[in-house]
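Participant: So the sequences go chain by chain: A and B.
Take the position in the first sequence, starting the count at 1, then add 60; the result is the number in my numbering.
Take the position in the second sequence, starting the count at 1, then add 10; the result is the number in my numbering.
Some hints could be false.
As the list claims (entries may be wrong) - Using C-beta positions, here's what the derived DEER-type ranges look like: (1) A:126 to B:818: 53 to 59 Å; (2) B:455 to A:271: 56 to 62 Å; (3) B:32 to A:96: 37 to 43 Å; (4) B:476 to A:280: 15 to 21 Å; (5) B:385 to A:208: 32 to 38 Å; (6) B:32 to A:81: 37 to 43 Å; (7) A:140 to B:477: 30 to 36 Å; (8) B:362 to A:108: 42 to 48 Å; (9) A:96 to B:23: 32 to 38 Å; (10) B:758 to A:72: 53 to 59 Å; (11) B:357 to A:138: 19 to 25 Å; (12) A:108 to B:758: 42 to 48 Å; (13) A:224 to B:758: 41 to 47 Å.
Stated by the list, open to error - Example chain B residues on the side facing chain A (calculated, C-beta under 10 Å, incomplete): (14) 24; (15) 296; (16) 297; (17) 306; (18) 310; (19) 313; (20) 448; (21) 605.
Read the hints as simulated data drawn from the structure, not as lab findings.
The structure presented is a predicted model; accordingly, all values stated were derived computationally and were not measured.
Just so it is clear, CB atoms sit at the ideal spot from N, CA and C, and this is done for glycine as well.
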Amino acid sequence: MRTAEAKAIEARKVSKRVAAPEGMLQLLDGVDLQVAAGESLAVVGPSGAGKSTLLGLLAGLDLPSEGQVWLDGHDLATLDEDGRAGLRAGRVGFVFQSFQLLSNLTARENVMLPLELAGSDAAGDRADEVLARVGLAQRGAHYPHQLSGGEQQRVALARAFAPGPRILFADEPTGNLDQRTGATVGDLLFDLNREFGTTLVLVTHDHALAARCARTLALDEGRVVE
Amino acid sequence: MNAALRFAWRALLRDLRAGELHVLALALAIAAGAVSTVGLFTDRVERALAGQAAEVLAADLLVESSRETPAEWRNEATRRGLESARTVSLRSVAVVGERTQLVELKAADSGYPLRGRLRSAPAPDGDERVETGLPEPGSVWVDVRLLHLMDLEVGDRIGLGVSELTISRVLTFEPDRGMNVFSIGPRVLIGWQDLAGTGLVLPASRVHHHLLLAGEPTSLAGFTRWLQPRLGVDYEIEGIEQARPELRSALERAGAFLNLAALVSVLLAGVAVAMAAQRHAARQADGSAVLRCLGATRRFVLLAYASELMLLGVLAGLLGCVAGYAGQALIGGLVAGLMGGQLPPPSLAPALVGLGVALATLLGFALPPLLRLGRVSPLRVLRRDLGLPPLPGVAVYMAGGGAMVALMLWLSRDAVLTGWVLAGVLVTLLALTAAAGLLVLALRRLRRRSGLAWRFGLLNLARRARGSVAQLLAFGLALTVLLLLTVVRVDLLDAWRAKIPPGAPNLFLVNVQPDEVGALATRIEALTGDTPALYPMVRGRLVAHNGAPIDANDYPTPRARRLATREFNLSYVDQVPESNRIVAGTWWSEQAPGAVASVEQGLAETLGIGLGDRLRYRVAEREFEVTVTSLREVAWDSFRVNFFVLLPPEVLEGFPATHITSFHLPAAARAGLGDLVRSFPSVTVIDVDALLGHVRRIVDRVTLAIEFVFGFTLLAGVAVLFAAIHATLDQRRYEASLLRTLGARRSGLLRALAVEFLLLGALAGLLGALAASGIGWLLAREVFDLPWQGGGLLWLFGPLAGMAVVGLAGLAGTWRVAGQPPLAVLRRG
Numbered sequence: 061m062r063t064a065e066a067k068a069i070e071a072r073k074v075s076k077r078v079a080a081p082e083g084m085l086q087l088l089d090g091v092d093l094q095v096a097a098g099e100s101l102a103v104v105g106p107s108g109a110g111k112s113t114l115l116g117l118l119a120g121l122d123l124p125s126e127g128q129v130w131l132d133g134h135d136l137a138t139l140d141e142d143g144r145a146g147l148r149a150g151r152v153g154f155v156f157q158s159f160q161l162l163s164n165l166t167a168r169e170n171v172m173l174p175l176e177l178a179g180s181d182a183a184g185d186r187a188d189e190v191l192a193r194v195g196l197a198q199r200g201a202h203y204p205h206q207l208s209g210g211e212q213q214r215v216a217l218a219r220a221f222a223p224g225p226r227i228l229f230a231d232e233p234t235g236n237l238d239q240r241t242g243a244t245v246g247d248l249l250f251d252l253n254r255e256f257g258t259t260l261v262l263v264t265h266d267h268a269l270a271a272r273c274a275r276t277l278a279l280d281e282g283r284v285v286e
Numbered sequence: 011m012n013a014a015l016r017f018a019w020r021a022l023l024r025d026l027r028a029g030e031l032h033v034l035a036l037a038l039a040i041a042a043g044a045v046s047t048v049g050l051f052t053d054r055v056e057r058a059l060a061g062q063a064a065e066v067l068a069a070d071l072l073v074e075s076s077r078e079t080p081a082e083w084r085n086e087a088t089r090r091g092l093e094s095a096r097t098v099s100l101r102s103v104a105v106v107g108e109r110t111q112l113v114e115l116k117a118a119d120s121g122y123p124l125r126g127r128l129r130s131a132p133a134p135d136g137d138e139r140v141e142t143g144l145p146e147p148g149s150v151w152v153d154v155r156l157l158h159l160m161d162l163e164v165g166d167r168i169g170l171g172v173s174e175l176t177i178s179r180v181l182t183f184e185p186d187r188g189m190n191v192f193s194i195g196p197r198v199l200i201g202w203q204d205l206a207g208t209g210l211v212l213p214a215s216r217v218h219h220h221l222l223l224a225g226e227p228t229s230l231a232g233f234t235r236w237l238q239p240r241l242g243v244d245y246e247i248e249g250i251e252q253a254r255p256e257l258r259s260a261l262e263r264a265g266a267f268l269n270l271a272a273l274v275s276v277l278l279a280g281v282a283v284a285m286a287a288q289r290h291a292a293r294q295a296d297g298s299a300v301l302r303c304l305g306a307t308r309r310f311v312l313l314a315y316a317s318e319l320m321l322l323g324v325l326a327g328l329l330g331c332v333a334g335y336a337g338q339a340l341i342g343g344l345v346a347g348l349m350g351g352q353l354p355p356p357s358l359a360p361a362l363v364g365l366g367v368a369l370a371t372l373l374g375f376a377l378p379p380l381l382r383l384g385r386v387s388p389l390r391v392l393r394r395d396l397g398l399p400p401l402p403g404v405a406v407y408m409a410g411g412g413a414m415v416a417l418m419l420w421l422s423r424d425a426v427l428t429g430w431v432l433a434g435v436l437v438t439l440l441a442l443t444a445a446a447g448l449l450v451l452a453l454r455r456l457r458r459r460s461g462l463a464w465r466f467g468l469l470n471l472a473r474r475a476r477g478s479v480a481q482l483l484a485f486g487l488a489l490t491v492l493l494l495l496t497v498v499r500v501d502l503l504d505a506w507r508a509k510i511p512p513g514a515p516n517l518f519l520v521n522v523q524p525d526e527v528g529a530l531a532t533r534i535e536a537l538t539g540d541t542p543a544l545y546p547m548v549r550g551r552l553v554a555h556n557g558a559p560i561d562a563n564d565y566p567t568p569r570a571r572r573l574a575t576r577e578f579n580l581s582y583v584d585q586v587p588e589s590n591r592i593v594a595g596t597w598w599s600e601q602a603p604g605a606v607a608s609v610e611q612g613l614a615e616t617l618g619i620g621l622g623d624r625l626r627y628r629v630a631e632r633e634f635e636v637t638v639t640s641l642r643e644v645a646w647d648s649f650r651v652n653f654f655v656l657l658p659p660e661v662l663e664g665f666p667a668t669h670i671t672s673f674h675l676p677a678a679a680r681a682g683l684g685d686l687v688r689s690f691p692s693v694t695v696i697d698v699d700a701l702l703g704h705v706r707r708i709v710d711r712v713t714l715a716i717e718f719v720f721g722f723t724l725l726a727g728v729a730v731l732f733a734a735i736h737a738t739l740d741q742r743r744y745e746a747s748l749l750r751t752l753g754a755r756r757s758g759l760l761r762a763l764a765v766e767f768l769l770l771g772a773l774a775g776l777l778g779a780l781a782a783s784g785i786g787w788l789l790a791r792e793v794f795d796l797p798w799q800g801g802g803l804l805w806l807f808g809p810l811a812g813m814a815v816v817g818l819a820g821l822a823g824t825w826r827v828a829g830q831p832p833l834a835v836l837r838r839g
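Hey, can you work out the whole structure from these sequences and the hints?
Facilitator: Laid out in structure tokens, this is it:
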């Protein structure tokens, strides 16, 4: 096993194939990628280009058919599913297009969740602090269905940043929001990213949002095109 | 651990508020409620029934002997908080002037009877009253038959031994009168203080001493344990279960019915829990993926969701226990009046069993679907198309199933009944699955030629083939139970009631001399209109079994010792008597069967007699040996004359015999009985009307109790129906919204849903009727030992009930689906 020190994320010759009714389907084909600690990278491309597949592989949510991925210096292939989950706990944050808040927890409890999973003793205080930072100090006791889309995504941002992750993966974070709300959420995302010094991998269709990242990686039909 | 529990508690509160877990909680509460109601109620009813059965002994426990019981035993009983009383019974002669009459004399000390009451009247036709005491010193209470036989009146004096006593009242009822129906002459009851004065109890007299005991079951059990090693061969304990075989069989059958109700409730609630848990797990899949994504381990996810369900189990279980407590109090109050007084107070243990059952049901039925949550891929947060992982392997189901079987065994304490219920459920499930699969296949062909609503409805059923089969299975199972509990139950209970038909014999005539048989039969026929069967009876003693001389010490139980050494009533017949059934071996043919015998199954088991065994009997100083060629099952509750051992005529003809018969004498013809008694003075008349009424009353009350208890099983069936409807609610809601978006009208959607549910109901009803008939037949034949006529109406009633119940419940469950704004539903996905 070798480690890719100083690099938050590294992917080498990563390919992903899945079985489909018409035969094997190539989702990713030999993708090489390095993201330095604190760097922000936008992954862009048309629908079906393999952006979300790549994000899943980089975050250790899935394993590649070929190639290797290092996350925060750990070779993901050497870890089992629980090992990869343990690696993510407190270290990796996520923001999704569909928010993915747990409907049976309040906004505050949603934010506390990753803190508790990482073994934090002061999850409640920290959650209150971060909720206040995203402007939702008064909405902590609300359940997700009682919040607007923009508010839900801000709770998701608070949840992602609360444990102070080293790496943040964001999958179309403004895709489900209207333009104005999307812009507000985008601003908040980048502000927080700066404050926390987090490494950011952002999958998006939104070129304006992508442009705010330090670097852009374009994918088409599973390959890096620029 | 703490984080998982915190998560579980928060999720539970939220899910409860949002109505996410209502069906699951309801099913669990019904399981706990049904079991605790059944447990609490049957516990109380069984104790009440045992109390009534105790009346037949006049005590809870009896120590019987030909010798006086040691004073130490009575002291020990008192020390343990038990009530005690003594009686002495002996056969004696009552003398009035020149006239004598054989009587059954009983002397009782204060406290007798410990269970039940004596009743007496001031004159043969006087008003009966319940007695709290015993005859005053110097007086006797006598059976009305003694007055008839000796031409006496109340106030006359009769000689008993060396004393002379005054008849002060007519004894009309003794609770323990039926104890030895075949040996009693007219009863004469005196107080304990007058016994010594009769001079009848001498060291060599044939006297039966009884020590009667009553009290708390635990004290009785403790006393029995203390007494057992002190009994020796001279004393014998008799409990309720040894008293009267016909009563015992009534209680055993009642137990079988009530246990069946409890078992079916648990299984049904389990099915409802499994379905609701399946839906819950499916709805938690996204949450589980998010948790994994945020770094939760598989253990955390499992622990969190399992804890949520276990917390729910405890809450719903406690709720069910409270409901069970209220339910049993309600029906207990209703039944108490019919059971002649208050039921014993409920005990705590059966209520807690309800809680245990809720948790075990959860483990057995909800665990397998829940285990899938641990294996949800975190990738699901990005790819919603990733389905739930496959259900866990056979091992998990085996473990869950094993837990349920253990629970059922523990609840029923009857491996045979549990085995039949399980086999019935398994076979039913397999048969229902196969039949449902075929029906869904047939629907595919049908849908091409039908109108729009029909096409949508049929399309829905055919397209979701696996889901439709599963729903048919659930509805079919629920309807099977509903049909079993409505139609089949009534048939079974009627068959049971019919076992003691209104015309069951209420009079036994014993000691009929051979030369009286013809004349007596004619007189009985004149009285009743029926020709009575008079059976010859030869008294013989068993002297050897397979060549080995009979020694009481060779038998392990007092009952076996007593049965082996007492005189047998042997009889000879050509044909298998009515209410007898050969269960092993063959009946003798009419052509010279040789020296053979047919033995009653229970006696054979007690004495270790098997087919082919040789039994040597001594009758009137002559001995003969017979080989056992058949074992019989005897319906003791038929109240007909029955014998433990039957022989072919050629073996016993020529031995001195008396005859015995039983017949039903309607109340209107009672007046003729006196003439009959006077015409045949040597014949002993045993009137079992009171006893028969008692047993019939018990059967009626138990039937009522069972009806109530089955009501709760019915509720569990309804829970299954709702769980099955809820199981597909999400998918239906989504599909209905899509159709609405595409322009479908609400009325059209509702029509399609109606078609789907009515069709599902009709098919499930048909399957249910099929399964209920099969199970009813099996239960009647193998468990309850009753004739099964088969519910002919099932085939019509099943599909109709299915359409009504599933159709209505289905539409009620999905009514709002067709009316919801499509966008809101589609957004939620």
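Participant: A separate judgement is required for each hint: does it hold in the structure or not?
Facilitator: Against the structure, the hints:
Against the hinted window of 53 to 59 Å, the Cβ-Cβ separation of residue 126 (chain A) and residue 818 (chain B) comes to about 58 Å, which satisfies the hint. With their beta carbons about 60 Å apart, residue 455 (chain B) and residue 271 (chain A) fall inside the hinted range of 56 to 62 Å. For the pair residue 32 (chain B) and residue 96 (chain A), the beta carbons lie near 52 Å from each other, so the given range of 37 to 43 Å is not met. The hinted window of 15 to 21 Å between residue 476 (chain B) and residue 280 (chain A) is violated, with their beta carbons roughly 39 Å apart.
Checked against the given bound of 32 to 38 Å, the beta carbons of residue 385 (chain B) and residue 208 (chain A), roughly 34 Å apart, stay inside it. Look at residue 32 (chain B) against residue 81 (chain A): about 39 Å separates their beta carbons, and that is inside 37 to 43 Å. Checking the proposed 30 to 36 Å range against residue 140 (chain A) and residue 477 (chain B) shows it holds: the Cβ atoms sit about 34 Å from each other. A C-beta distance of roughly 59 Å is found between residue 362 (chain B) and residue 108 (chain A), which places it outside the suggested range of 42 to 48 Å.
With their beta carbons about 44 Å apart, residue 96 (chain A) and residue 23 (chain B) fall outside the hinted range of 32 to 38 Å. At roughly 57 Å, the beta-carbon separation of residue 758 (chain B) and residue 72 (chain A) lies within the given 53 to 59 Å, and the hint holds. For the pair residue 357 (chain B) and residue 138 (chain A), the beta carbons lie near 60 Å from each other, so the given range of 19 to 25 Å is not met. About 36 Å separates the C-beta atoms of residue 108 (chain A) and residue 758 (chain B), a value inconsistent with the hinted range of 42 to 48 Å.
Restraint check, residue 224 (chain A) to residue 758 (chain B): a C-beta distance of roughly 55 Å breaks the suggested window 41 to 47 Å. At a threshold of 10 Å, the smallest CB-CB gap from residue 24 (chain B) to chain A is about 4 Å, leaving the interface hint in force. Proximity of residue 296 (chain B) to chain A holds as hinted, the smallest CB-CB distance being about 7 Å (cut-off 10 Å). Checking residue 297 (chain B) against chain A by beta carbon gives a least distance of about 5 Å; that is within 10 Å, so the hint holds.
Using the Cβ-Cβ criterion of 10 Å, the hint placing residue 306 (chain B) at the interface with chain A is satisfied: the shortest such distance is roughly 5 Å. Proximity of residue 310 (chain B) to chain A holds as hinted, the smallest CB-CB distance being about 7 Å (cut-off 10 Å). This hint is violated: residue 313 (chain B) has a C-beta 12 Å from the nearest C-beta of chain A, more than the 10 Å allowed. Checking residue 448 (chain B) against chain A: minimum C-beta separation of about 28 Å lies over 10 Å; hint violated.
Annotation: interface hint on residue 605 (chain B) violated; nearest CB of chain A at approximately 79 Å, more than 10 Å.
Taken one by one, the earlier hints fail for this structure at numbers 3, 4, 8, 9, 11, 12, 13, 19, 20, 21, listed in ascending order.
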